[in-house]
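Peer 1: What follows is each chain in one-letter form.
There are 2 protein chains.
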Amino acid sequence: MRVAIDTQRLWESLMAMAEIGPTENGGNCRLALTDEDAAGRRKLLDWCEALGCRWRVDRVGNLFIRREGRRADLDPVAIGSHLDTQPKGGRFDGILGVLAGLEVFRALDERGIVTQRPLELVVWTNEEGSRFAPAMVASGTYAGEFSVESTLARTDRDGVTFGEALEASGFAGDMPVGQPRLDSFFELHIEQGPVLEAANESIGVVAGVQGMRWYDVTFMGQAAHAGPTPMALRHDALAAAARLIDRLQSHALNDASGHTRVTCGCLEIPQSSRNVIPGEVHLTVDLRHVDETELDALEQRFVQELAACGESFGVAVGHERLWKSPVVHFDADCVEAVETATRERGFAYRRMLSGAGHDSVYVSRVAPTAMIFVPCRDGISHNEAEYATPEHCGRGCQVLADAILQRAGVAS
Amino acid sequence: MRVAIDTQRLWESLMAMAEIGPTENGGNCRLALTDEDAAGRRKLLDWCEALGCRWRVDRVGNLFIRREGRRADLDPVAIGSHLDTQPKGGRFDGILGVLAGLEVFRALDERGIVTQRPLELVVWTNEEGSRFAPAMVASGTYAGEFSVESTLARTDRDGVTFGEALEASGFAGDMPVGQPRLDSFFELHIEQGPVLEAANESIGVVAGVQGMRWYDVTFMGQAAHAGPTPMALRHDALAAAARLIDRLQSHALNDASGHTRVTCGCLEIPQSSRNVIPGEVHLTVDLRHVDETELDALEQRFVQELAACGESFGVAVGHERLWKSPVVHFDADCVEAVETATRERGFAYRRMLSGAGHDSVYVSRVAPTAMIFVPCRDGISHNEAEYATPEHCGRGCQVLADAILQRAGVAS
Numbered sequence: 019m020r021v022a023i024d025t026q027r028l029w030e031s032l033m034a035m036a037e038i039g040p041t042e043n044g045g046n047c048r049l050a051l052t053d054e055d056a057a058g059r060r061k062l063l064d065w066c067e068a069l070g071c072r073w074r075v076d077r078v079g080n081l082f083i084r085r086e087g088r089r090a091d092l093d094p095v096a097i098g099s100h101l102d103t104q105p106k107g108g109r110f111d112g113i114l115g116v117l118a119g120l121e122v123f124r125a126l127d128e129r130g131i132v133t134q135r136p137l138e139l140v141v142w143t144n145e146e147g148s149r150f151a152p153a154m155v156a157s158g159t160y161a162g163e164f165s166v167e168s169t170l171a172r173t174d175r176d177g178v179t180f181g182e183a184l185e186a187s188g189f190a191g192d193m194p195v196g197q198p199r200l201d202s203f204f205e206l207h208i209e210q211g212p213v214l215e216a217a218n219e220s221i222g223v224v225a226g227v228q229g230m231r232w233y234d235v236t237f238m239g240q241a242a243h244a245g246p247t248p249m250a251l252r253h254d255a256l257a258a259a260a261r262l263i264d265r266l267q268s269h270a271l272n273d274a275s276g277h278t279r280v281t282c283g284c285l286e287i288p289q290s291s292r293n294v295i296p297g298e299v300h301l302t303v304d305l306r307h308v309d310e311t312e313l314d315a316l317e318q319r320f321v322q323e324l325a326a327c328g329e330s331f332g333v334a335v336g337h338e339r340l341w342k343s344p345v346v347h348f349d350a351d352c353v354e355a356v357e358t359a360t361r362e363r364g365f366a367y368r369r370m371l372s373g374a375g376h377d378s379v380y381v382s383r384v385a386p387t388a389m390i391f392v393p394c395r396d397g398i399s400h401n402e403a404e405y406a407t408p409e410h411c412g413r414g415c416q417v418l419a420d421a422i423l424q425r426a427g428v429a430s
Numbered sequence: 019m020r021v022a023i024d025t026q027r028l029w030e031s032l033m034a035m036a037e038i039g040p041t042e043n044g045g046n047c048r049l050a051l052t053d054e055d056a057a058g059r060r061k062l063l064d065w066c067e068a069l070g071c072r073w074r075v076d077r078v079g080n081l082f083i084r085r086e087g088r089r090a091d092l093d094p095v096a097i098g099s100h101l102d103t104q105p106k107g108g109r110f111d112g113i114l115g116v117l118a119g120l121e122v123f124r125a126l127d128e129r130g131i132v133t134q135r136p137l138e139l140v141v142w143t144n145e146e147g148s149r150f151a152p153a154m155v156a157s158g159t160y161a162g163e164f165s166v167e168s169t170l171a172r173t174d175r176d177g178v179t180f181g182e183a184l185e186a187s188g189f190a191g192d193m194p195v196g197q198p199r200l201d202s203f204f205e206l207h208i209e210q211g212p213v214l215e216a217a218n219e220s221i222g223v224v225a226g227v228q229g230m231r232w233y234d235v236t237f238m239g240q241a242a243h244a245g246p247t248p249m250a251l252r253h254d255a256l257a258a259a260a261r262l263i264d265r266l267q268s269h270a271l272n273d274a275s276g277h278t279r280v281t282c283g284c285l286e287i288p289q290s291s292r293n294v295i296p297g298e299v300h301l302t303v304d305l306r307h308v309d310e311t312e313l314d315a316l317e318q319r320f321v322q323e324l325a326a327c328g329e330s331f332g333v334a335v336g337h338e339r340l341w342k343s344p345v346v347h348f349d350a351d352c353v354e355a356v357e358t359a360t361r362e363r364g365f366a367y368r369r370m371l372s373g374a375g376h377d378s379v380y381v382s383r384v385a386p387t388a389m390i391f392v393p394c395r396d397g398i399s400h401n402e403a404e405y406a407t408p409e410h411c412g413r414g415c416q417v418l419a420d421a422i423l424q425r426a427g428v429a430s
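Keeping their order, the protein sequence lines are chains A and B.
Quick note on numbering: our numbering labels position 373 of the first sequence as 391, and the sequence is numbered without any gaps.
Quick note on numbering: our numbering labels position 261 of the second sequence as 279, and the sequence is numbered without any gaps.
Everything labelled a hint here was simulated from the structure, so no lab data went into it.
Where a beta carbon is used, it is the ideal one built from N, C-alpha and C, also for glycine.
Any given hint could turn out to be false.
If you only want the chain A side, here are some residues facing chain B, beta carbon under 8 Å, derived [unchecked claim]:
1. Gly245
2. Thr247
3. Asn293
4. Ala403
Per the computed footprint, the stretches of chain B lying under chain A, defined by three or more beta-carbons under 8 Å from a beta-carbon of chain A, are [as the list claims (entries may be wrong)]:
5. 82-88
6. 120-133
7. 204-212
8. 222-234
9. 265-271
10. 278-290
11. 398-404
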């Protein structure tokens with residue numbers, strides 16, 4: 019059985035949510051657990067209460083809005099994402115996944131459909147990590163990655179703790195973290211990349227998440243005057259860093275599969291001056307791959323290239339791995355449910371791996387999970403200019419509706 | 019006729035001067051026209067007055083200390099440099115060139131030698147440019163590069179003008195800038211580079227100054243998330259900048275003559291983040307060469323490589339030339355006088371071009387000029403650790419004495 023969602027109604031709810039915490043250039047600012055974030059949640063709850071849903075909040079503020087099914091003894095099928103934004107964020111990142119869940123509830127209500135399993139619409143707290151680092155901390159707590167105490171003790175820039183902000187927001191709940199258990203979890207999200215748009219496809223069937231590793235790299239050479247120091251006697255830290263960046267870029271660009279991704283996001287030269295040879299450079303390296311073995315090989319190559327670049331320029335090098343996030347494979351059945359729904363609707367799609375982290379990464383550790391991507395303009399997100407068309411939002415929501423209905427089963 | 023200078027006495031005057039404005043780690047802080055700078059000048063004047071010298075100050079504080087010769091109708095042969103330092107500067111940069119002049123005066127006095135031409139010991143104001151930008155502003159004013167009014171109006175970080183600081187220092191003179199005319203000018207200076215030390219040579223016979231050109235370079239790509247953006251769809255501003263740096267470094271290193279010098283001193287990524295592809299990079303480029311035609315070719319190559327790197331990475335590039343300082347050739351007779359003196363003393367030496375700017379660059383526009391370099395440890399300057407051995411300082415001073423005596427002529 020399939021139920022048609024209402025693209026126009028979904029769009030209107032997206033635009034209504036965007037009125038809370040608007041920014042100058044058409045984006046949104048609803049930092050986690052601020053008044054704006056709380057107002058966004060209350061608006062969602064108003065809409066859901068009108069549908070007769072009840073809701074609970076766990077101890078780290080994760081919000082669970084329940085649409086009862088025929089079988090109260092079964093674990094719910096869940097839909098969700100987040101409502102918080104970056105300081106100058108967009109109207110879709112996270113929000114689409116939440117309001118698509120609302121739209122599914124409304125579409126089911128309209129037709130008086132009761133599912134076998136209950137449904138849960140989940141709003142995870144502080145996904146962005148802009149106010150409280152790290153990102154996805156509350157879904158991570160739900161999944162057991164972080165303790166409740168450590169999460170509540172995290173502080174923002176002003177020294178306010180997560181726990182204090184949670185109290186102030188009115189969303190401090192008493193449900194133990196980890197409840198309710200979920201039969202499965204489905205998250206619709208904008209792609210945050212340019213692949214679907216470039217290929218003119220409407221849906222990304224997200225089978226997992228790339229493995230990611232983060233490094234801090236240091237180059238220690240010798241600062242010296244630009245003019246009097248011959249090239250051959252230099253120890254130029256920037257020259258060594260530049261060669262490393264260029265080698266890694268070339269290596270990644272030469273991988274015809276397109277699965278190797280290398281990004282150097284930050285480069286700093288302490289006390290730099292235009293006529294002084296840089297004596298010290300700090301560089302960040304972000305390596306990603308869809309295959310863990312290939313990611314190991316990429317790391318090894320990076321370490322070798324780093325040593326070679328240091329040697330070429332007489333510069334001491336060092337690196338530290340700050341973070342290692344393994345390749346995530348989502349649940350085969352859930353992914354299959356999404357792919358089948360997409361195919362049956364006739365939408366152009368591709369199976370793909372997410373390059374960014376999402377709440378689904380953590381949730382997938384404790385519940386069968388899948389994600390659905392829709393294109394966003396120019397691949398831009400975390401930006402006021404972030405945009406997804408009503409049609410793409412609607413298609414993503416439709417696939418979501420079909421997949422969760424298949425998973426939850428229809429009672430009547 | 020040759021006169022032996024006293025290496026020990028020179029060293030003692032260097033160490034006595036270093037007691038004024040000492041820094042924690044054995045360096046000096048005598049920013050231009052501060053109390054410390056004025057105290058340094060007064061100490062020098064005490065020493066010179068004891069020799070019977072008289073002195074004048076011009077309107078921008080340049081100090082001229084005269085040792086009379088037999089022929090008052092002839093222009094003086096001048097020795098000089100500067101006494102001001104960087105905020106954490108050393109004990110030799112500039113100071114050696116001034117105190118070597120004092121030592122020459124003392125050595126002549128000891129032997130009762132009168133020169134034909136008068137001698138002038140010159141202390142140029144604000145050579146370093148640390149307090150009032152740009153560097154060498156007062157010798158530049160003397161040479162007609164800057165107007166007196168514009169120099170007096172320059173301000174430090176606290177808004178104090180050069181003119182106000184000059185008044186407060188007690189060194190505001192009324193001699194018109196540009197007086198006295200000089201027969202010739204000789205400046206002894208530490209090399210500020212590693213060449214002489216590496217070659218185990220005592221003296222650099224400085225025949226001129228490298229040409230230098232400074233550029234601001236901009237790379238405008240597209241910021242995007244590191245994970246979801248395939249390599250082939252990126253517009254990575256840092257990747258383009260890194261390739262440019264690497265190409266320019268390789269080109270300079272491949273020049274067997276060693277005359278091509280390329281330095282990228284500053285690289286900035288506005289709003290960088292480790293998992294965001296850099297959308298914007300600002301880079302500085304400093305090109306130097308001893309030959310103006312080769313420097314033209316180097317500039318052309320830089321512009322071509324820049325365009326190619328931009329194209330390779332889909333990044334818009336731009337550059338602006340901020341400064342162009344042509345190759346300077348010092349006066350052949352003055353350079354010859356230095357070289358002859360060095361050879362006759364049997365000191366290991368090389369003819370070389372200065373890679374850094376000095377007061378001599380400006381002075382050479384209005385008077386025959388030459389410079390003498392002595393090695394400094396590890397090529398380090400503008401640093402509290404700056405060091406030159408007593409022996410090298412003495413040898414430099416000896417060459418200076420021999421050269422100016424040859425130039426000025428001995429009357430009795």
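Peer 1: Hint by hint, say whether it matches the structure.
Peer 2: Hints, verified against the model:
no.: 1; hint: Gly245; verdict: holds (3 Å)
no.: 2; hint: Thr247; verdict: holds (5 Å)
no.: 3; hint: Asn293; verdict: holds (5 Å)
no.: 4; hint: Ala403; verdict: violated (11 Å)
no.: 5; hint: 82-88; verdict: violated (count 0)
no.: 6; hint: 120-133; verdict: violated (count 0)
no.: 7; hint: 204-212; verdict: holds (count 4)
no.: 8; hint: 222-234; verdict: holds (count 3)
no.: 9; hint: 265-271; verdict: holds (count 3)
no.: 10; hint: 278-290; verdict: holds (count 10)
no.: 11; hint: 398-404; verdict: holds (count 3)
When each numbered hint is compared with the structure, violations occur for hints 4, 5, 6.
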